[in-house]
Structure formats: C-alpha cells, structure tokens
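There are 2 protein chains.
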Amino acid sequence: MQNVSEFNTLDPIDVNDKRVINGKADINQLAPFKYPWAWEYFLKANNNHWTPLEINMSGDVLDYKYKLSPAEIHMFENVLAYLTTADILAMRNIGLAVMEKMSAPELQIYQARQVYEESLHTWTYQHCIESLNLDQREIYNRYRTVPEIFGKIKISNQRLNKILRSDLDLSKQENVQDFILSYGFFATIFEGAWFYNGFTPIFALQRRGLMKGTGEQFQYIMRDETLHANFGIKVLRQLMSEENFAPKQEYWDEMFEECHAAEKAYANYILREPILGYNAEIHLQQYEYIVNRRAKQIGLTKVPYPNAVNAVPWLDEQTNLRKEKNFFETRVVEYKSNSSLDWEDEE
Amino acid sequence: MQNVSEFNTLDPIDVNDKRVINGKADINQLAPFKYPWAWEYFLKANNNHWTPLEINMSGDVLDYKYKLSPAEIHMFENVLAYLTTADILAMRNIGLAVMEKMSAPELQIYQARQVYEESLHTWTYQHCIESLNLDQREIYNRYRTVPEIFGKIKISNQRLNKILRSDLDLSKQENVQDFILSYGFFATIFEGAWFYNGFTPIFALQRRGLMKGTGEQFQYIMRDETLHANFGIKVLRQLMSEENFAPKQEYWDEMFEECHAAEKAYANYILREPILGYNAEIHLQQYEYIVNRRAKQIGLTKVPYPNAVNAVPWLDEQTNLRKEKNFFETRVVEYKSNSSLDWEDEE
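One line per chain: the protein sequences are Y and D, in this order.
35 is the number of the first residue of the first sequence in our numbering; add one for each residue after it.
35 is the number of the first residue of the second sequence in our numbering; add one for each residue after it.
Here chain Y stands alone, though its shape is the one from the complex (with noise of 0.2 Å):
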C-alpha cells in the first residue's frame, strides 16, 4: 500500500514502473499507459452493456411449468444453482483478492468493470429464479447440500483463499506462484472452462426451442465470461514475462487433474439422466477440448487431453449472438447502435 503522507513535487510517473503485480508507478494516475490492450478491453466491455431485464421470459415459464421432463428440470435447477454461487465468487476473486495487488491503474479500470459484471450476472440468476418462481432460499444453498457443486466450489475456495491476504509478499517467488496459479485457475478453468463449457446444457434446450429467455441470457454472460477469460490470460503472460517466472508443468497437471474430476462428477451428477441431444459424456468432451484451448493460450506446450474432440460443434455458431437472434427472431438488444453483438475467443 502506497503511503502519501506528506507533501513532496514529484515527476509525472515513468510508465516503465507499471507492472501487473510490484509496480512502482504512483497508483492513482491512469495515463500514460502501459497496457493500452487493457482500456480496450475496458471500451469493449462498456460496449458490451446489458441487463437481464431486456430478455422475455414468458416463454420459459410456461416451458418449466409444462415442457421440461423432470431429469430436464434437475439439470436446469442444478447448473443455476452452481452458478449463484460461482459468479460470486467471481466477484470476490477479482475484487477482493486480485484487483489491489494489480495496481496499474489500467487494470484494475477493467477489473472494476468484470467486478460489476459479475454482479449483473448475479442479478440474472436472481431474475430467472424470481420469474420461474423457484424456492430461492434452497437454490442458493444448494451448493452447501449438493457434493458434486460443492466439489469445485470447494477447489476455488481454495484457491481464491491462498491469495486474498491484502498483505500476501509478492517479492517471494512462493506466493508469486501461488498468485499465478491461483489467477490462471480463475482465467483458464473457472471462467474459461467451468463457466464457457458451464451454460452447454442449457444452450442444449435452447436449440431445441426451449428456455429460450434463460438461453439468450447465458449467452450474454457467456460473451462477458469469454472476454474475462482472455483478459485473465493476456495478463497471466504478461505477468509471467516480467516476472520472469512461469510455474513448472506439473502444477498445471495437477490443477487439471483435480478440475478434472470435479466436473466428472458435476457432469455426471447434473446429467445423471441424458437429455435429448446432450449427455454427460459430450459434457465430458467439451470441458476437455475446451481447457486445451486454455492451456494453449497461456503457453503451454503439452495439452492436458491429446485426444478431446469439440463434441459440441452448433456451440460456435449458436453462441455467436447475432446468428442466434435471427433464428429465434427475438429483438435484438444493443447499448450503442455501432455495437458488434458477435465476439470472438482469441485462439
């Protein structure tokens, strides 16, 4: 924490003393910048704007109340019920233990705004639970009844509880490890995977013409999660590159391994009956394809699973937004009329 107690005139800040994590630079200037890609990113996300209160979702009454089969109902219950507790998580990884220790001015601006967009997050699952008139006490708690939610939750607990002291020393190349493995859990598995892989199901009904107003909104806090996950990895290398430092392969393994068997047994749990269309070993599949995708981004030369496959090949084409409303020939929701409602996961 910088101290300014007494009054000293000193230089505009020399942008070389910004870094992701130890930066020198005075914290409370945002120009000039050193990471232009990250006020981007911040433009981009603003752009972005959205509430769940555009999305009809009449129809996903009517669909819960008479449509849905009952091991169609466990799913939908259960992936909302993980998601109320993960996105605040979310908010609490990035706020509380991440948001102080980045302290260039440009990130955390971003990081202000991916805090605020969990919360808009929140506000949807609250919004679908209100309007499918779910009990909402026991949705809420039922990472704390259900073992196979509890399972990643507890992983990101943990993870997110190895780093949140204000106080934790950077200058030691323990916790700078930590830090990184903990972030790049947050970036690549937690956002980039659990969440992105995380709305599949759900995006299964939607194809089929059903929970189209959850459906559309997952979508728009899927394209949220998507440009999370890429700031998260953009970051970590810059991080690991002025640092100097990356974590051995083998602490990647056993960080995919354990997430791994988390979402087995989530997958396995949520799908414990097949769907029409959707099981939970295409789930299985595309988690794995997907952490590949991750692992690649933040410069990893062995992908965890040589052998995954995209079992889920409409994914692409449905969750590009644009694509997605003319089929359904719902409105189409823009903040800013020069606004792109498609996005992209870089490679």
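Hints are not guaranteed to be accurate.
Identical copies look the same in the list; a pair holds intra-copy or inter-copy alike.
Below, computed lysine-lysine pairings styled on BS3-like, alpha-carbon distance capped at 30 Å [stated by the list, open to error]:
| no. | residue 1 | residue 2 |
| --- | --- | --- |
| 1 | 99 | 330 |
| 2 | 282 | 188 |
| 3 | 268 | 68 |
| 4 | 206 | 268 |
| 5 | 188 | 58 |
For the record, the hints were derived by calculation from the structure and aren't laboratory data.
Given chain Y's structure and the hints, the job is docking chain D onto it.
The following block gives chain D in isolation, referenced to the frame of chain Y:
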C-alpha cells in the same frame, strides 16, 4: 474470511445472521435479502446507466480554446486534476477497503456497481482530457505538485489507510469506530460534499453556456455520486444501529474541521481569481450548506455550520438533468425508456 473446506449439509441461511459488518451468514447466498433497499439501489443505479461517449464535446473544444479566461482555465484544469485522483481513490475505498468487510451479498452487489461507476467517472475525465487535448501526464500528476489539491487527497488517504487492512478486527470497538469514521468520511464529505459541491464551479460555466459537454458529463457523475452518498449514509445508520455504537460528536467535529480547512485552501486556490458569477466565498458557503445536510442525514443533532445558507440556489434546478436537457436542447440519453433522468438527494 469464511472457509468452506469440508462438505457439510447445511440449512439455508437465517436472514438475521446477515449484518453490515461482523455478519455470520454464508457470504455466497444473495437471497433471502435482509436489506431489500440495497437491492433497490442496485436496480436504480443500473437504470441510470450512461457512458461519456454519449455526450458531444465539440463545443467544449472551442470554448476552451477561444472563450475561457485564464482564471476560468486555471479553475477548470485544477478541478479536473482533483477529480482524476479523487475518483480512483473512491474506487479503491469501496473496492478494497469496504466491500470485503460488508459481507452481505446485497450490499456487495451495489458496491460492485459503485466501484464500476467510479471507473466510468475516471473514463469520463480521461475522455475530457483527450477531447481538450490537455497534457494528461501533467494533469494526473498535479495532485503531487499542487499542495491545495494534495491537502484533500492526503486526508482521504489517511482515512482509507486506517481501515484498508483486510484482517482489521471488527470485533474491537476502536476499530469499529475507525471504520465508521472512515466510511462516514467517504459517504458524507468525500462523495457527499467534495464531489457534490466540487462540480459547482464547472456548472457555473455551464450556466453561462460554456463547457456544456463537460457540464453535462459532470451532471451524470453527480447523479451517481448523490446515490453513493445516500446509500453510504443509509448503510452507516444501519451499521451504527446494529453495532449499537456511534462515535462521539467530537470525532465528527474534528473531521468537519480538518476537511473544512482543506476545502477552504482548495477553494482559494482554484478560484484565486473569481470567475463571472462564482468565487471562493460562494464555493465555501455552499460546501458548508451541503455538509450540514450530511450531518443531519447521519443523525447528528448539532450541525457544524448553523449559519450556512444555500449560496447557489440555481444548483438544484440545474442539476435536475431533465430540465437541463430542455434548456440546452441537447439530446436526452436514457438507457431504458422508462428510466427517469432526474434524481433526488434524500433529505
């Protein structure tokens, strides 16, 4: 920091376990709400959504170059310089010092929006600096070269630093007192007076048809800040009631005295020469009038400036955005068609 390390089947949360600080309820469960008004603030803030790109700055470029007097330029640049630093501090206060300690998710969700709004304000100043082609390095650094700006920042940093530690023990009454005084300072003085009243010199230009773009930007910021101040004061009263503790009047008086001296020095510097229709004396009178309002709002029976009068009676009318829009015939920007652009400061 709550740590969920082992799986236990637990009942849904008891709403009475939620507290502003020292809460005992699971921090990952949004509902049921204990503070439904916080949720309403969040919805209202989202309804107020805007970005600086919506406002035309072209007139300001010409005004700045050809119409402002040297005294007006001096005032304008220094107000802007103070604000650039102040809004990053505001972001750090809520994001880093407060949010973790107020663990009820419905409070955190509004704070997530609040942190984001501070980043929108930072964007706004950057947008003004770029539009007017000012020397951004010099402007951002000015709080370190002008003692009269630094005086306000120094007080704010001291308050912030007292409560920034994430392991601050809030079971101890002296820490609770520091927390109340710091949070109270940011809500009442920093956001409720220094921001609120801090825009007035710019509005004095806007009133004469000068720097209308900047004036309009600052009206949006002022609307946000008024909500922040009122939310903060509501939280503060709730907190003091739950903890059954309020700092003695003398602590508030000390704060008022210290802040008044800093504001007086600042006013005398930015308005070392009066501008048409506005001067340092008017500025300070208005400051006192606003601080009295804040003192009453937090429940103090003795106001610090019994003789203060409303020195800028035109302000309330001008800061009503709708009237302003009609007056200047600029376009009305509303995110949602049913949103209202006017806003009230709760008495």
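Structure-based check of each hint:
1. 99 to 330: Close neither inside one copy (43 Å) nor across copies (51 Å); limit 30 Å.
2. 282 to 188: within (24 Å within a copy, 44 Å between copies)
3. 268 to 68: Classified as within; 14 Å inside a copy, 39 Å across copies.
4. 206 to 268: within (22 Å within a copy, 42 Å between copies)
5. 188 to 58: Classified as between: cross-chain Cα gap 19 Å, same-chain 35 Å, threshold 30 Å.
In the structure shown, a violation is registered for the earlier hint numbered 1 alone.
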